[in-house]
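*Asks:* Protein sequences, first through last, are from chains D and H.
Here the first sequence is numbered in my numbering, starting from 1 and rising by one per residue.
Here the second sequence is numbered in my numbering, starting from 1 and rising by one per residue.
Note that these hints are calculated values from the structure, not bench results.
Quantities reported herein were computed from a predicted structural model and do not represent experimental measurements.
Where a beta carbon is used, it is the ideal one built from N, C-alpha and C, also for glycine.
No false leads were mixed into what you were given.
In silico lysine to aspartate or glutamate, EDC-like type, Cα no more than 16 Å apart, as pairs:
1) Lys315/H with Glu146/D
2) Lys315/D with Asp92/H
3) Lys315/D with Glu143/H
4) Lys315/H with Glu143/D
5) Lys315/D with Asp141/H
Label-pair ranges, simulated between beta-carbon atoms:
6) Glu244/H with Pro41/D: 44 to 52 Å
7) Ser125/H with Gly238/D: 53 to 61 Å
8) Glu103/D with Leu107/H: 19 to 27 Å
9) Ala442/H with Gln122/D: 41 to 49 Å
10) Asp121/H with Thr419/D: 26 to 34 Å
11) Leu253/D with Ala232/H: 47 to 55 Å
12) Leu253/D with Asp121/H: 31 to 39 Å
13) Thr10/D with Ala442/H: 53 to 61 Å
Residue-level listing of the chains:
2 protein chains.
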Amino acid sequence: MIPPREFPLTEPSIDFETAAGSRIRRTVLPTGLRILSEEMPAAQSATIGFWVGVGSRDELATDSAVGASGFGSTHFLEHLLFKGTPSRSALDIAIAFDAVGGEHNALTAKEYTCYYAKVRDQDLSMATSVLADMIASSLIDPEEFERERQVIIEELAMREDDPGTAVWELLFEAVLGDHPLARPIGGTPQTIEECTREAVLEHYARNYRAADVVISAAGAVRHDELVAEVVAALTAAGWDQSIEAAPVSRRPLVAVDTTPARSLIVEHRPIEQVHLLLGCTGIAMRDERWPVMSILNSILGGGMSSRLFQEVREKRGLAYSVYSFSSAFSDTGVFGMGAACTPARAREVADLMHAELVAMATDGVTEEELSRALGQLSGASALALEDSDSRMSRLGRADLILGEFQELDTILGMLASVTAEDVRTLARELADRSFTVAAVGAIDESVFDGFGEPGEGNRS
Amino acid sequence: MIPPREFPLTEPSIDFETAAGSRIRRTVLPTGLRILSEEMPAAQSATIGFWVGVGSRDELATDSAVGASGFGSTHFLEHLLFKGTPSRSALDIAIAFDAVGGEHNALTAKEYTCYYAKVRDQDLSMATSVLADMIASSLIDPEEFERERQVIIEELAMREDDPGTAVWELLFEAVLGDHPLARPIGGTPQTIEECTREAVLEHYARNYRAADVVISAAGAVRHDELVAEVVAALTAAGWDQSIEAAPVSRRPLVAVDTTPARSLIVEHRPIEQVHLLLGCTGIAMRDERWPVMSILNSILGGGMSSRLFQEVREKRGLAYSVYSFSSAFSDTGVFGMGAACTPARAREVADLMHAELVAMATDGVTEEELSRALGQLSGASALALEDSDSRMSRLGRADLILGEFQELDTILGMLASVTAEDVRTLARELADRSFTVAAVGAIDESVFDGFGEPGEGNRS
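Starting from the given sequences, assemble the full structure and let the hints guide the process.
*Replies:* Here it is, written out as structure tokens:
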């Protein structure tokens, strides 16, 4: 098993071949900006991502400069970066990617923001220049700001209208309570209405600095060319390359206590299905039990042969969609199970899902399930790594969030060492936790009276 | 430019190298079953699809054998094929794919049904055997049938709860009227409640025959092995390989007249956004103007630099999502534009979208727009063809639906020959058609009074 490759913040240069035959290189510029590449032989396209180590959890309830709420400002800024620089209008940026048929988008998450593009090899240089310009010298034009406010309010309305999305936001708020990870990534219509250009500008100035940024590219990429292009593009965009800085430290990867704020949250809507989630605090991203959680999650609700799928859908026909999940962040996580079903059966489905976790805690898992989970995770990982998108993401997260790079063989080795007893121990710990029920649909809270109490399938 | 490669039904064996360096082979078995492969050098995974030339448009309003509605029986059958054969239980089938981490699913469309799997190269033989067994010898067990009925009703409820999906079904019904393509693919809760096992069995016996089936695989595939495995698996599953038949003819690719049945259809829902579609009859799949339609669609609403995106989102902030589309089938199609916006601005958005089509009909498009559209389509196609999924689909559709295979260079050559005048002529023809408005959201029909009449931005 290949040991994880450390990506220490202080190590300027890294260069190695992976067991799969790709070459990974990393350069840290004097400004503290990190550039990583994974050259995949025979690739004819490439994906590049600009990662900024700021997400919605970092927003301030009251922005220091302007006194307005900062909630939603990370995502607001992400939209505005497409709206023009001194040398490129919003239309120029759109044309640059459309004209080459590239995929081009951005993602605001709770702990980071990523701007990315997937293009043919001959277009990587263009993509690098445009993304660098967007990141480094966005105008945040006042008129564009007001128009984009309306676009974001439409985006929030679209998310609100989707009960499957709405129930996730309820669950996170209920499980994580006052923790900053609990908040919805995009803010609320109210915070977006209140958000000022000054708040977004302050957010931009505070967080979009070279030492905060990781650039990762995978596929048909040549590292030295990439570094030269990044430096040229950032210099052209006005980022001073003579300022010396160390890369900014990643977040502390220390678990925090997150006691569920609410045990039940139901939003009544006149729709056909109830979207139902059961959740509790899970494990943080670097928790040493992550391989156990991956195996547990696969056996419990990871595929068509999983226990939840078999019990809820195959044996009883109660749901089309049923699954388990583990969302992991730097210092905590959310674990749970979800389904969408007819309102009259929602309580039954909630009880069934919880009972499956309890059964795993009580009776453990079989060797055949362990081996199937390992096969599932290794096959799916191998398929994912054929795409440059997945490799670009893996590389960016390795440096920005994890601080180390794990080859597929390393990961599979850790998964293979998980025992049935490990899984049962973790299942027992999770089953002993207090579960929150979140539901959106045509039901009332009383449906879940006594859920999770002794005699209701909860062993605690 | 490489001429399209004909795939005549009577030609048993085809073997050629593509300009991109892959090798395409086709074998027609004595039973009429067609097997196609595209071997991609250096691929480490493969996608295989079993295509059956039957879709929801082929369903009978009253099934001849049993007197019940056949609507939804194609999709019902697709679900049941996962529920077991004499040699594999439903759980065995689920385990087979989960254990290797493969992607594995099925798709019922209006003109075909496809069962597919994406796996690592060493698992292709397994995937072929399991899919062949599912197709050839499904048990359609009566108890599984009843449970799956409930799962499908949940799936339909999920689709119904999604306003973005619901508005599409309204539009197709309104534009295509009595045409069989107008119907929703999955049927309705009522037709699924009424559907009998006998109706599904009859559908299965009538349509799932060797001469109706095309198997296509792409990636790390060796043709002779594939053919041998298909024959072995189908023989094991009980399909008699000694029955001689010719492949079943594809549908007639002849345009039919489809006059919109309704000019307006609004479904009131108490949600934040209005999901809005404008549609008219478009062009059929083999209409010689398809390259013109592709270019027109790209310029009108195909990307962030498109006219609709610029006018509706960028200049006015009225919508997060806005686009145009062209859905093409054997004998007709639906063309149109769509957006989701706040109810108070829905009429304005509808007028703006229609006005953009009228402007294109009146003033044409620029050479710069033509060239950008060509760049967009060629770049996106090149990126798509890196994946074995896209190549498997292209190959299956070429044989089952189109009757010819076009290399990327051929397609790009046809797109490059489109002139600004071609686009204007097609835009004029579309703008002269009667447009149907379909909307789901918190608005009333009166919002669209007079839409499309002279003075409202419609030049007809």
